[in-house]
Amino acid sequence: GAGVSQSPSNKVTEKGKDVELRCDPISGHTALYWYRQSLGQGLEFLIYFQGNSAPDKSGLPSDRFSAERTGGSVSTLTIQRTQQEDSAVYLCASSIQGLSNQPQHFGDGTRLSIL
Amino acid sequence: AQTVTQSQPEMSVQEAETVTLSCTYDTSESDYYLFWYKQPPSRQMILVIRQEAYKQQNATENRFSVNFQKAAKSFSLKISDSQLGDAAMYFCAYRSGKDDKIIFGKGTRLHILP
Chain L
-17 GAGVSQSPSN KVTEKGKDVE LRCDPISGHT ALYWYRQSLG QGLEFLIYFQ
33 GNSAPDKSGL PSDRFSAERT GGSVSTLTIQ RTQQEDSAVY LCASSIQGLS
83 NQPQHFGDGT RLSIL
Chain D
6 AQTVTQSQPE MSVQEAETVT LSCTYDTSES DYYLFWYKQP PSRQMILVIR
56 QEAYKQQNAT ENRFSVNFQK AAKSFSLKIS DSQLGDAAMY FCAYRSGKDD
106 KIIFGKGTRL HILP
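Chains as they are written, first to last, in this note's numbering: chain L, -17 to 97; chain D, 6 to 119.
A portion of the hints provided could be inaccurate.
No more than 27 angstroms apart at the CA atoms, straight line, and that leaves these computed lysine-lysine pairs for DSS-like [to be verified]: (1) Lys60(D) <-> Lys83(D); (2) Lys39(L) <-> Lys60(D); (3) Lys111(D) <-> Lys(-7)(L).
Since the hints were derived computationally from the structure, they do not count as laboratory data.
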């Protein structure tokens, strides 16, 4: 498909476990964003990758959260020692860097549930 | 830092009527872009409309239009002839023309009453 792909679509895990969430952006999109959306809430910015520049990590809520983007394409968001408050939908979006009038294209998100 | 504020957590409108969702933002930048996204229960984020800050003319997309007041830093969304399919969360978003960072408001949940 041509859209942003996220996997898994749902993840249930026990408190204290580590989780990895994956995002495949649209081919050619050099900007990639991660957001967190708690139940019924807005989108909380987490991290932003822009091409080869250092990522903007200003939204990561704690050092348990990290993300990487390999080869300028696929990104992985890792949450270590998960806590119940980490339960949320994690949305990934990509866009064409440098064309700010272009919208982001979103994946369907990963619903993370911490037991 | 830029901020986006949506002061209406929930709104309701009768089917076929018109509703306006408000959004204000704060920025010191002159080059930026504004967007409204719709998120139905399916969770998929859908672009509704966009506005370039350098354009004075308000953007329009079919039944959706914006009232962009740059000096007041206001960017409201008007939905005309509301339809049941318009029921969703609506998010206002700000995109910096400097670094492409995008910030969202907390959203407004819109209910359409039959």
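Which numbered hints fail: Checked against the structure, the only hint that fails is number 2, while the rest are satisfied.
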